[in-house]
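Number of protein chains: 2
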Amino acid sequence: MDRIDSQPPSGFRDLLPADAAARQAMMDRIAGIFRRHGFSSIDTPALERVDVLTGGEAEVSKQMYRAKLTDNDEPLGLRFDLTVPLARYVAAHADELTFPFARYHIGNVWRGEHAQAGRYRQFIQCDADIVGPRSIVADAEIIALMYDVFRDLGLADKIIIGVSNRKVLDGLSDFLNFDASRTPAVLRAIDKRARMGWDAVAAELTAKIGLDDQQVDAIRELLDLSADSAESLLDKAHAMLQFSPRSHEGIEELRRLTALVDGLGVPRSSWAVDLSIARGLGYYTGTVFETTLTALPAFGSVCSGGRYDDLVSRFAPMKLSGVGMSVGMDRLFAALDELGLVPPTAASPARVAVLDFDATARPTVLKIASDLRNAGVPTTLYLGSDESLKGQLAWAVKGGFPFAVIIGAKEHERGVAQLKNLAERTQDEVPFAQLAGRLAV
Amino acid sequence: MDRIDSQPPSGFRDLLPADAAARQAMMDRIAGIFRRHGFSSIDTPALERVDVLTGGEAEVSKQMYRAKLTDNDEPLGLRFDLTVPLARYVAAHADELTFPFARYHIGNVWRGEHAQAGRYRQFIQCDADIVGPRSIVADAEIIALMYDVFRDLGLADKIIIGVSNRKVLDGLSDFLNFDASRTPAVLRAIDKRARMGWDAVAAELTAKIGLDDQQVDAIRELLDLSADSAESLLDKAHAMLQFSPRSHEGIEELRRLTALVDGLGVPRSSWAVDLSIARGLGYYTGTVFETTLTALPAFGSVCSGGRYDDLVSRFAPMKLSGVGMSVGMDRLFAALDELGLVPPTAASPARVAVLDFDATARPTVLKIASDLRNAGVPTTLYLGSDESLKGQLAWAVKGGFPFAVIIGAKEHERGVAQLKNLAERTQDEVPFAQLAGRLAV
Chain Y
-11 MDRIDSQPPS
-1 GFRDLLPADA
9 AARQAMMDRI
19 AGIFRRHGFS
29 SIDTPALERV
39 DVLTGGEAEV
49 SKQMYRAKLT
59 DNDEPLGLRF
69 DLTVPLARYV
79 AAHADELTFP
89 FARYHIGNVW
99 RGEHAQAGRY
109 RQFIQCDADI
119 VGPRSIVADA
129 EIIALMYDVF
139 RDLGLADKII
149 IGVSNRKVLD
159 GLSDFLNFDA
169 SRTPAVLRAI
179 DKRARMGWDA
189 VAAELTAKIG
199 LDDQQVDAIR
209 ELLDLSADSA
219 ESLLDKAHAM
229 LQFSPRSHEG
239 IEELRRLTAL
249 VDGLGVPRSS
259 WAVDLSIARG
269 LGYYTGTVFE
279 TTLTALPAFG
289 SVCSGGRYDD
299 LVSRFAPMKL
309 SGVGMSVGMD
319 RLFAALDELG
329 LVPPTAASPA
339 RVAVLDFDAT
349 ARPTVLKIAS
359 DLRNAGVPTT
369 LYLGSDESLK
379 GQLAWAVKGG
389 FPFAVIIGAK
399 EHERGVAQLK
409 NLAERTQDEV
419 PFAQLAGRLA
429 V
Chain A
-11 MDRIDSQPPS
-1 GFRDLLPADA
9 AARQAMMDRI
19 AGIFRRHGFS
29 SIDTPALERV
39 DVLTGGEAEV
49 SKQMYRAKLT
59 DNDEPLGLRF
69 DLTVPLARYV
79 AAHADELTFP
89 FARYHIGNVW
99 RGEHAQAGRY
109 RQFIQCDADI
119 VGPRSIVADA
129 EIIALMYDVF
139 RDLGLADKII
149 IGVSNRKVLD
159 GLSDFLNFDA
169 SRTPAVLRAI
179 DKRARMGWDA
189 VAAELTAKIG
199 LDDQQVDAIR
209 ELLDLSADSA
219 ESLLDKAHAM
229 LQFSPRSHEG
239 IEELRRLTAL
249 VDGLGVPRSS
259 WAVDLSIARG
269 LGYYTGTVFE
279 TTLTALPAFG
289 SVCSGGRYDD
299 LVSRFAPMKL
309 SGVGMSVGMD
319 RLFAALDELG
329 LVPPTAASPA
339 RVAVLDFDAT
349 ARPTVLKIAS
359 DLRNAGVPTT
369 LYLGSDESLK
379 GQLAWAVKGG
389 FPFAVIIGAK
399 EHERGVAQLK
409 NLAERTQDEV
419 PFAQLAGRLA
429 V
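So the protein sequences, as listed, match chains Y and A. Take -11 as the starting number for the first sequence in this note's numbering and just add one per residue. Take -11 as the starting number for the second sequence in this note's numbering and just add one per residue.
Source of the hints: derived by calculation from the structure; they are not laboratory data. Among the hints, erroneous ones may be present.
Pairs involving identical chains hold if they fit within one copy or between any two copies, as the list cannot separate such chains.
[Unchecked claim] Here are the computed lysine-lysine pairs in the DSS-like style, where the Cα-Cα straight-line distance is at most 30 Å:
hint, residue 1, residue 2
1, K56, K355
2, K378, K307
3, K50, K378
4, K146, K180
5, K146, K50
6, K56, K146
7, K196, K378
8, K378, K398
9, K355, K146
10, K386, K307
11, K146, K378
12, K224, K378
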């Protein structure tokens, strides 16, 4: 027989049980925090019409998978983020939603990126957005949400949420007297700093964008501003950015945001104003934020987002602003794995393996397995072909189950089980009725 | 501006928040039961190589979406079930797994079916399989798992799990003296009975397959066998199916299975031997089962599966048998919806809306929202632009939140909130420190 290659396609991957369980546990926690903050879940299809997804942007279009049933069909596109589907969804269902509309969405997205370590062509994003509010309280809510997500994952002291406002850098053209049409290129250059270093950014600002050395130095001075507190940093920036009303507006928004984030109980140790945050994407118009793991700054942001002014006008005659965040689940997982911070997770969820090696005891064995499950104890029953106690114990050890329950003919008669702690290599006799209590977590 | 159509592509759909939450809650319960039975989760990509998915079957191939990045790429296929990916996965990772390997997988699959009510081109399957065991105890385990899933969903008395064994009908050719090559066609015809009625089946058996009336009557007599108990039904079938060793083997397996299912505590009111279950799919070789909602028999099976002999030999030089089940999540959800059995679910998970209508009280309002969330109470904060208490209350009522917390300047000073029960239209004053306790579920 010709055998078919069993590896997943290039750029895609399988998750083994322990990794799948660890990632699922993290996603369940994140979803729980989203709900605790009052965000509703939605679902949208993985396939969307191509015009919905691309809106004519060529860069996006190159990375997008197109899918069809037959050669004659119009292709559909596999979504590459959860923001564009949100925009379409809000336009389609505006009459059925209550605004401001706080929604979360956890799902796969697909991008045809070049395969490299830690980058896959299918990955999970966990998005939360508030659609509709103009109030900057919503921006503070999103920062509080990000903080709670990381705190719940046990990472409050391992991350820093950097916060800026797009208007601060948008106003650079006033302050430094260059043409505003160069601003997007300047922001894209600044955005590369963490990855490529300042020298590369400076070279791009001068050689490609045409700023002079004085302008570049002024930008660096602004980005490197530091102070004891968010407030004094903002004071310094305000003083520095003369004649730039747009920058001043951004700074005033950051000042109000700071008080609101304090008010929502986010400790200053977990977030900071960081004026170097540019966020390359075009659609942010106000607050922007990025979350980095303090032990892995070069890894880049694992959770980012910001405020945008116009989400749905491509689809419907409405102008809705919003603010949102996205956790790059698989990137976060890879980073935590590198840091040894993924909680150790068993391949099997079963807390106990009930062995089944003695035909006379089998009715009892089945009943015990059923009783343990009914009591909420995750339980596996031995189903292999090895009929020896020794062989079944070796299987239970290999499977990594914390406990084994042993019931042979003698135990069956006496109404007791041998409860073996496989990690500690201890064993004691437990009456059937007490097994579930002993195995409760 | 040219606006882009905001509807999802034909055959696909969005879920509104209440439906998304209700479906997610069901999936979370199902995953919990899978884990309680010791099943590990895995993940595989949505896109697989085309040869992996089709194995050359034309019917499958027609319903499969093909996706690619550029016109020159080899296309990949969107998976149309979770069983083929399981087979590839087991072959790829056999060295890293412990057998018997009990895995669950909840995920989207895609099929280009003709759009019709309740049928979508993307739908969720919840699969659980045990790969490797030859023991029929594994078959009983899967039936017990199915029962627990439906019991946990509150549907134990609303469903019936019909159980048969493929060998019983496979042996019909011995018993009725027709050529064994006609068996698959006979099974496919029988499989249509619930949907199309017996007359259509009988017509197909005679006109298309060439059985005579006597043979058709004998088949009907077998399928319609009834008795007070599984055991006496099996006795009758045994007596009827003379000279058919294969059928007798199936009946003996069902007899042993019955005792094991009893042993695992599944009540006879929730399952029954039903010899009319054929399961059209070719790969089942032993136990087969289908679950129907007793109030909607014509809706068809919402959870089915069976035992197969050869899962992975297409991918690796091993022969692994297994037994598994699949819940058609979206079909089940549609059926329960039709029966009014989907638990009423709010669009928002928030139990309380904290209003924010008075600037002087805002620091307290933010703190209360944060405190409630920290205490585990799902909480939303008003973020709209209406600054009146009346307008914000109207928003809270429209949003369907059970409670609203009202803190104006006076409440802020006195350290109390007005807690309004929006459903019962009652209100009382609650000190800040007692709010979380009052709102705990």
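Against the structure, the hints:
1. Taking the closest pair of Cα atoms, K56 and K355 never come within 30 Å of each other, the shortest separation being 50 Å inside a single copy and 51 Å across copies.
2. With identical chains, the CA atoms of K378 and K307 are at most 30 Å apart between copies only, with a shortest distance of 25 Å across copies and 69 Å within one.
3. With identical chains, the CA atoms of K50 and K378 are never at most 30 Å apart, being 57 Å at best within one copy and 50 Å at best between copies.
4. Within a single copy, K146 and K180 get their C-alpha atoms as close as 23 Å, which meets the 30 Å cut-off; across copies the closest is 59 Å, which misses it.
5. For the identical chains of this complex, K146 and K50 are neighbours neither inside a copy (36 Å) nor across copies (50 Å), given an alpha-carbon limit of 30 Å.
6. In this assembly of identical chains, the alpha carbons of K56 and K146 never lie at most 30 Å apart, being 44 Å within a copy and 39 Å across copies at closest.
7. For a Cα distance limit of 30 Å, the shortest separation of K196 from K378 qualifies neither inside one copy, at 72 Å, nor across copies, at 56 Å.
8. For the identical chains of this complex, K378 and K398 are intra-copy neighbours only, at 17 Å inside a copy versus 73 Å across copies, given an alpha-carbon limit of 30 Å.
9. For a Cα distance limit of 30 Å, the shortest separation of K355 from K146 across copies, 24 Å, qualifies, whereas the shortest one inside one copy, 46 Å, does not.
10. With identical chains, the CA atoms of K386 and K307 are at most 30 Å apart between copies only, with a shortest distance of 22 Å across copies and 59 Å within one.
11. Taking CA atoms no more than 30 Å apart as the test, K146 paired with K378 passes in neither setting, with 45 Å inside one copy and 43 Å between copies.
12. Taking identical chains as interchangeable, the C-alpha atoms of K224 and K378 are never at most 30 Å apart, the minima being 73 Å within one chain and 42 Å between chains.
Comparing the model with each earlier hint shows violations of hints 1, 3, 5, 6, 7, 11 and 12; every other hint is respected.
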